[in-house]
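Taken in sequence, the protein lines are chains A and B. Take the first sequence: its position 133, counted from the start at 1, is 133 in the working numbering, and no numbers get skipped. Take the second sequence: its position 201, counted from the start at 1, is 201 in the working numbering, and no numbers get skipped.
In case anyone wonders, no lab produced these hints; they're calculated from the structure. Built from N, CA and C at the ideal position, the CB exists for glycine as well. Hints should not be assumed to be uniformly reliable.
Pulled a few chain A residues facing chain B out of the computed Cβ check, cut under 10 Å [unchecked claim]: (1) P24; (2) E35; (3) A57.
So the derived label-pair ranges between C-beta atoms look like this [to be verified]: (4) B/G60 - A/A160: 25 to 35 Å; (5) B/K145 - A/H93: 56 to 66 Å; (6) A/A15 - B/E95: 28 to 38 Å; (7) B/L63 - A/D115: 27 to 37 Å; (8) A/Q171 - B/R94: 48 to 58 Å.
Take a look at the letters that make up each chain.
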Amino acid sequence: MKGMDHPLDRLGDAALIAATRTDPEAFAALYRRYERPVLAYFVRRVRSADLAADLTAETFAGALASLRRDAGPGGDPAAWLFGIARIKLVELHRRGYSEDAARRLLAMDPVDLDDGQLDAIDQLAQDDAVEELVSALPAPQREAVVARILDDRDYGAIAADLDVSEATVRQRVSRGLAALRIRIEGTR
Amino acid sequence: MTTLIPALEAQLLFAADRTTPGAAPSPGASRRRARWGGLPLLAVVAASLTVSAGAYASRGLWLPQLGADSYGHAQATASPPPGAESSVLGVLRREQSDADRDVAVRAVLRDAGPSLGKIRTNAVRRLGTLPDGRVAVLVPARVPKGFDPTLPNMTQDQLLLGIYDPATHGTGGFLTSDALGMQAGDLMLAVSRRPSAEQSALGHAFLEREVRAGRLEKSAEPPYYHVLSVEQSERYARATGLRPTDPDVYVGVVPDGVAEVRVDGHTTVPVVGNFFAAPSTRGSRHPVVWLDAHGRTVPFASTIGAWK
Numbered sequence: 001m002k003g004m005d006h007p008l009d010r011l012g013d014a015a016l017i018a019a020t021r022t023d024p025e026a027f028a029a030l031y032r033r034y035e036r037p038v039l040a041y042f043v044r045r046v047r048s049a050d051l052a053a054d055l056t057a058e059t060f061a062g063a064l065a066s067l068r069r070d071a072g073p074g075g076d077p078a079a080w081l082f083g084i085a086r087i088k089l090v091e092l093h094r095r096g097y098s099e100d101a102a103r104r105l106l107a108m109d110p111v112d113l114d115d116g117q118l119d120a121i122d123q124l125a126q127d128d129a130v131e132e133l134v135s136a137l138p139a140p141q142r143e144a145v146v147a148r149i150l151d152d153r154d155y156g157a158i159a160a161d162l163d164v165s166e167a168t169v170r171q172r173v174s175r176g177l178a179a180l181r182i183r184i185e186g187t188r
Numbered sequence: 001m002t003t004l005i006p007a008l009e010a011q012l013l014f015a016a017d018r019t020t021p022g023a024a025p026s027p028g029a030s031r032r033r034a035r036w037g038g039l040p041l042l043a044v045v046a047a048s049l050t051v052s053a054g055a056y057a058s059r060g061l062w063l064p065q066l067g068a069d070s071y072g073h074a075q076a077t078a079s080p081p082p083g084a085e086s087s088v089l090g091v092l093r094r095e096q097s098d099a100d101r102d103v104a105v106r107a108v109l110r111d112a113g114p115s116l117g118k119i120r121t122n123a124v125r126r127l128g129t130l131p132d133g134r135v136a137v138l139v140p141a142r143v144p145k146g147f148d149p150t151l152p153n154m155t156q157d158q159l160l161l162g163i164y165d166p167a168t169h170g171t172g173g174f175l176t177s178d179a180l181g182m183q184a185g186d187l188m189l190a191v192s193r194r195p196s197a198e199q200s201a202l203g204h205a206f207l208e209r210e211v212r213a214g215r216l217e218k219s220a221e222p223p224y225y226h227v228l229s230v231e232q233s234e235r236y237a238r239a240t241g242l243r244p245t246d247p248d249v250y251v252g253v254v255p256d257g258v259a260e261v262r263v264d265g266h267t268t269v270p271v272v273g274n275f276f277a278a279p280s281t282r283g284s285r286h287p288v289v290w291l292d293a294h295g296r297t298v299p300f301a302s303t304i305g306a307w308k
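The shape of chain A in the complex, shown without the other chains (with noise of 0.2 Å):
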C-alpha cells in the first residue's frame, strides 16, 4: 500500500479548497500538494532554508486563515495560495523580518527544522525541475503562468499584453498549472 494517497488528495483543487470549509483533512491535503512548490518559490528568492520554512508556514497559516473568514480563492487557488505567499514575501522585504501574524491567529508553534530537512530544503533552490517542467509548457500557458503566478500580475493586465480576454488568461493559467501538477506528481 505504499504510495497510497488519501482520498483526498485525488481531487482538484477547486473541490479540495471546497472541502476545507468541513473537513480539515482538506487543508492538510492543500498542504501536502503544494509544500514544495511554495517552499521552493521562496527558498530561490530569500536563500534561507530557515527563512523559506518560516514564510512558508506564515503562507498556509494565511491561507487557512482566509478560508476561515470566507475570503477564499475568487479563482485559481494556485494563483490565490502563491498570490499570498508574494505578499509574504513583499512583507519581509518591507519589515525585515518574516511576520507571524497569523500563526499567532491559529496559535500555532514555530517549527525546529533538523538538518536534514535544512538540506531538502536548500536543494530545492537547487533544483531546476520546476523551471523545467514550466518552460515545456506550450507558449500560451507559460506565459500565462509565469506572468500571474510569478510576477503576480492582474489578470486584467495579462489580457492586454497578450491581446486576449481575462477569460482566457484565467483558462490558460488553470490549465498550465493543472499541467504542472500532474509533471510535479509524475516526477515524485
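Fit chain B to the supplied structure of chain A, relying on the hints for placement.
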C-alpha cells in the same frame, strides 16, 4: 505524498480542525485548562467522551489517512472487531461518533504503517482526554500472520492504544495481545514519556525485555510497535508488580465490569467507557487493582478466562 515538514502539516491540520465550523472542542484547548488537581478527573474524561450516537451508523467504511508515504500505509477494513474484543469492551459496542473521528484520532492513525496490516476504521474509538491534554485512542487492527516472530501463537486481532499529544503533535502507541490483555501495567508504559513531534513517525515503542529490566527506552528499530504482552503468566505478574520508573500518568483500558482502578494502594480513579487515567504516584510498589461497582476486587484471571 510525503511532506518535507510533517510537523507543519500536523500543526495546520490541528489549526484547521480547531477552526472548522461545528468541529469538536480541540484537544489543545482542553490541555490548557485541564491540570492535575484542577477539574475532577471524571469530569475531564467524561467530557471527552461526549458522543453523538448514530452519527456514522449507516455510513460506509471510514477512510482516514492511515500511515504516511515515508513509512507506508496500513489498510482500512470494514470487518468488525471479533467477539472476543467487543463482548468485553462496551466502548466497541457503541456507535462511532464525531469525536471518534476528530483530529487527535486521525493523528494517531497517521502512525498506522503497513506492519499493522488492516485497521478496523469504523471501530476506532476516542477513549478520552488525559488531564494534561493528551488523547487516548483505541485502534482495533488485524495484523499479518507472523507479526511478532517471538509470539507465534499471538492472535492476529490486536488493539492499539494510541496517544496523541496536542502540545507537540506527537503520537505514540503500542499493541496488546488482545483486549482482555490490556492491563494497567502495560498501558502505563505507553504514556510514561511524552512523544515529540520528531518522534511522531516512530511512535513510542518499548521492548518487552526493557520492560522486564525496568528500563523504558524508546526503540528506534522497526517494527515500530512491539507487543509487550507475552505469555499470560508473565503478564499477570507484570500487571501486579511492575511499575514504570518515572511515569507522569497512568492510563488503561479495562473490561466491562471494572468501575474503578486503584493505582497506588489508596488512590482510586473511575473508569469511563472502559478507560481510566490516573495521576502518577512515584515510587509506589502497590499493584494495580481493578474494582467493580461495589468496590470488590475484580481478579484479572477470571476476567481474562474467556480467551484462554
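Problem set entry | Supplied distance hint 56 to 66 Å, evaluated on CB atoms of B/K145 and A/H93 | holds, 60 Å
For this session: Can you let me know if the beta-carbon spacing of A/A15 and B/E95 is within 28 to 38 Å?
Result: holds, 29 Å
Problem set entry | Minimum beta-carbon distance criterion (10 Å), A/E35 to chain B | holds, 5 Å
Exercise. When the nearest CB of chain B is found for A/P24, is that gap smaller than 10 Å?
Worked result: This interface hint holds because 4 Å falls under the 10 Å limit.
Exercise. Does A/A57 meet its interface restraint, that is, does its C-beta lie within less than 10 Å of any C-beta in chain B?
Worked result: holds, 5 Å
Problem set entry | Hint check for A/A160 and B/G60 - Cβ pair distance inside 25 to 35 Å | Since the Cβ atoms of B/G60 and A/A160 sit about 51 Å apart, the hinted range of 25 to 35 Å is violated.
Exercise. Has the hinted range 27 to 37 Å been met by the Cβ atoms of B/L63 and A/D115?
Worked result: holds, 35 Å
For this session: Indicate whether the distance between the beta carbons of A/Q171 and B/R94 respects the range 48 to 58 Å.
Result: With a Cβ separation near 51 Å, A/Q171 and B/R94 satisfy 48 to 58 Å, so the hint holds.
When held up to the earlier numbered hints, the structure conflicts with hint 4 and nothing else.
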